[in-house]
Amino acid sequence: MSTPALVVGKRPRGDKVRGTLFYVLLLVSVSIGFVLLGTLVVDVIRKGVGYVDPVLFTEPTSTNPERAGAGPAILGTIYMMLLLLAVVVPLGVGTAIYLEEYANRERWYNRLLELNIQNLAAVPSIVYGILGLAFLVRGLGLGRVLLAGALILTLLVLPTVIVASREAIRAVPDSIRQGAYALGATQWQVVSRQVLPASIPGIATGSILALARAIGETAPLLLVGALTYVAVNPTLLGSFTALPVQIYQWVARPQEEFRLLAAAGIIVLLAILLTMNAFAIWLRNRYQKRW
Amino acid sequence: MRIPLQEDLDQLEAALQEEGSLVLRALRGCLNALAQSDVELADEVIAFDDEIDAAYLGIEEGIQSLLARQTPVAVDLRLVLAILHDNMHLERMADYCVTIAKLTKLVHDVPHDVTLIEGFEEMGARAEEMIRVALDSFRDRNAGRAESLVDLDELIDRANRRVVQHVLSLGADPDLREWGLRMIIVSRCLERIGDHAVDIGEQTAYLVSGEFREFTDASHGPGTTPRDL
Amino acid sequence: MPDMENAPAPVTIAGVRDRRVAERQQAEPPVHRDVLFDVDGLTASYSGVPALRDVSLEIYKNHITAFIGPSGCGKSTFIRCFNRMNDLIPTALVEGTIRYHGLDLYGPEVDSVEVRKRIGMVFQKPNPFPKSIYDNVAFGPRVLGWKDGLDDRVEQALRQAALWDEVKNRLKASAYSLSGGQQQRLCIARCLAVQPDVLLMDEPASALDPISTTAIEDLMHGLKEAYTIVIVTHNMQQAARVADMTAFFSVEVDEESDRRTGILVEYDETPTIFTNPGDKRTEDYVTGRFG
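Each protein sequence line maps, in turn, to chains A, B and C.
Residue numbers for the first sequence follow numbering that gives the first Met the number 0, beginning at 0 and rising by one.
Residue numbers for the second sequence follow numbering that gives the first Met the number 0, beginning at 0 and rising by one.
Residue numbers for the third sequence follow numbering that gives the first Met the number 0, beginning at 0 and rising by one.
Check the hints yourself; a few may be wrong.
[Claimed, not checked] Only pairs whose alpha carbons sit at most 25 Å apart, straight line, appear in this in silico DMTMM-like list of lysine to aspartate or glutamate: (1) C:Lys223 to B:Asp9; (2) C:Lys223 to B:Glu60; (3) C:Lys171 to C:Asp150; (4) B:Lys101 to B:Asp174; (5) C:Lys60 to C:Asp243; (6) C:Lys130 to A:Glu99; (7) C:Lys60 to B:Glu6; (8) C:Lys223 to B:Glu6; (9) C:Lys279 to B:Glu60; (10) C:Lys279 to C:Glu268; (11) B:Lys104 to B:Glu39; (12) C:Lys130 to A:Glu100; (13) C:Lys279 to C:Asp243; (14) C:Lys124 to C:Glu165; (15) C:Lys124 to A:Glu99; (16) C:Lys124 to A:Glu166; (17) C:Lys124 to A:Asp173; (18) C:Lys167 to C:Asp147; (19) C:Lys130 to A:Glu166; (20) C:Lys130 to A:Asp173; (21) C:Lys124 to A:Glu100.
[Unchecked claim] Only part of the chain A face toward chain C is listed, based on derived beta-carbon distances under 7 Å: (22) Ser174; (23) Ile175; (24) Ala181; (25) Leu182; (26) Ala184; (27) Thr185; (28) Gln188; (29) Ala197.
[Claimed, not checked] The following residues of chain C were derived to be distant from chain A, with all beta-carbon distances above 10 Å: (30) Leu102; (31) Asp103; (32) Ala161; (33) Pro209; (34) Gly221; (35) Met235; (36) Asp243; (37) Asp257; (38) Ile262; (39) Thr286.
Hints were generated in silico from the structure; no laboratory data involved.
Please read all numbers here as calculations on a predicted model, not as lab measurements.
All residues carry an ideal CB built from backbone N, CA and C; glycine is no exception.
Chain A with its partners taken away, still in its complex shape (with noise of 0.2 Å):
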């Protein structure tokens, strides 16, 4: 009784029983989640593990799901990506560069644009298939080839790019600027020498989760026009088909063959997604802030 503070059992037994019960929901909620995806993966592997050959890897596809591969869709989606990521990478950061260093917040036009990239983010991805469906395929008679497959990715992921570098831009402290700033540099020198490399690492791993993004998409290509039925190996201006549009075909098929085939299809894009996202966790360590 001397120590108030310490006796035991005087809270009132309604708040540990609260307290239980929350714990509880919290576990039901993560194995919720954990359950359905681990059934997901654990199907799509035990259906599709028998397909995962170099057949898969190198044959495009066909009527006879035995001969039936995924080698052009595959390599156009490695296309896209690479594509992608050199277009996106220096509008993005070049974009997030201006905005967070350069722009006087003052300015109507520059509250405009960032109000804009927001927004942007969360306009769903079909609208940006029609949008390039009518201004690349149709306004600027690209046609419907892998570039404007790329293309049409890029500006869909751009916002995201853009908003990701910027934290990492944000995140470098000022006092970091401040000190290159009274060494006698200019705003160039301080921002390619000391911003940039310090930000790099951010900037990267916001690349590459958009990129992981952009691998999964499948409406607007169809929109833009990747082909279901590729035969041969992609090239820039020729049509295309991508892996996702591929497992959405063999899906569609009646035969439960393609069913398997598109379980193959899946276990290879999982794995390029799992690999790009460890990728972008080790660069995050690799990399980590300092100060």
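Starting from the known structure of chain A, fit chains B and C onto it as the hints suggest.
Okay, now just chains B and C, sitting in the frame of chain A:
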């Protein structure tokens, strides 16, 4: 390391030693003036006191500034306090030299007793010795040597008492009696210089040990002789 | 018994006969100081609100000048006027003049980047760049395009900052591996590497432990042979310890608008400020009777 503080302390201590050497010069000057009845030299000694006062003020201001700026602690603080005291003791010694010089001027044309003048030469030499010991032991932080000042002081005290005895025996010549009375003050001045040297020694002991302690207690000590007349 | 033979020979007191002492006392030469900065009627405001009003003072070459005063007295704002750091804040406005070697720092022909090369700055919190120790020091010279003898420059700067012996065997290590006090000395070395005229220090020891603080103060004491140092400190004792000249700033509160503006109250030699200040407000502040 606190380099500015160390530099300031070193500077103050050097200034104190410098002031000590000025005091030694003043003492030698007034002793010579007394021995040779040299009025001009006596005037020099009196004027020279300005120089010592300037040194005194310089140290005083230095200490004020150092205390205000550097907040010394522990041994540094004791050093500052010891310098503060020593500075005052040295300045007082110089004042006694001025007194001797002034007395020299007052009596330069009256007859004087050769024995006593010789005695003063010896007393003065002891006082000089004591100042040197006081300054050196302070510089070397040698508390043992500083304490030896007590013994030296005892000798000066005895000489002082002999001077009084001697003056009493000078006889009835009024001029000689006036001279003798003034010489008692000279003797006392030299004796006081010795006392201040002992006090400097006490500051050295305080600096080294951190304890305030008088080497001899003038009012209570067993077997001690009164240091004052 | 004192030995009469060893007593010094009787001396005459040199230098007195001609009364040189008296002359010397009269002819004490005035203290000579070279003016480096001449501040005249300086007012600094943010978004039109003055933070510091009508400051006029002179900063002397090879002196350490301290700015002290309560929070909000504008001392940090003031020090940032000397290397035009306030230019980096869009809403900041500096009126009045600061002449540096007679040249108006805010004149139209003066480039702020050029100013900062000559007038280095050390910040409150150590702000090393997220790079190696070597690259931190080499940053300034590289930015200025001084490519020759970079190693020597780095070594010399680190020596001047009394850091060389501690880091010479790990120049490639991250600057973040240093202790706080070492980081701050690294920041000082970084400034020295561009061979400035002036070192501005904005509360350089406020984030450091007492030992590191002493190291920085000793360093400043040694550096003033070659540099002019201006330091802002909220630690009065620090100003007392290191500064030759001290300026006391205070806050003036406008009764009607409750607006607070910094003003210069007193500027004098440091011993005077701390032993016999001329202004009651200074005395109240240094004795701790303020507020």
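Hint numbers not upheld by this structure, sorted from lowest to highest: none
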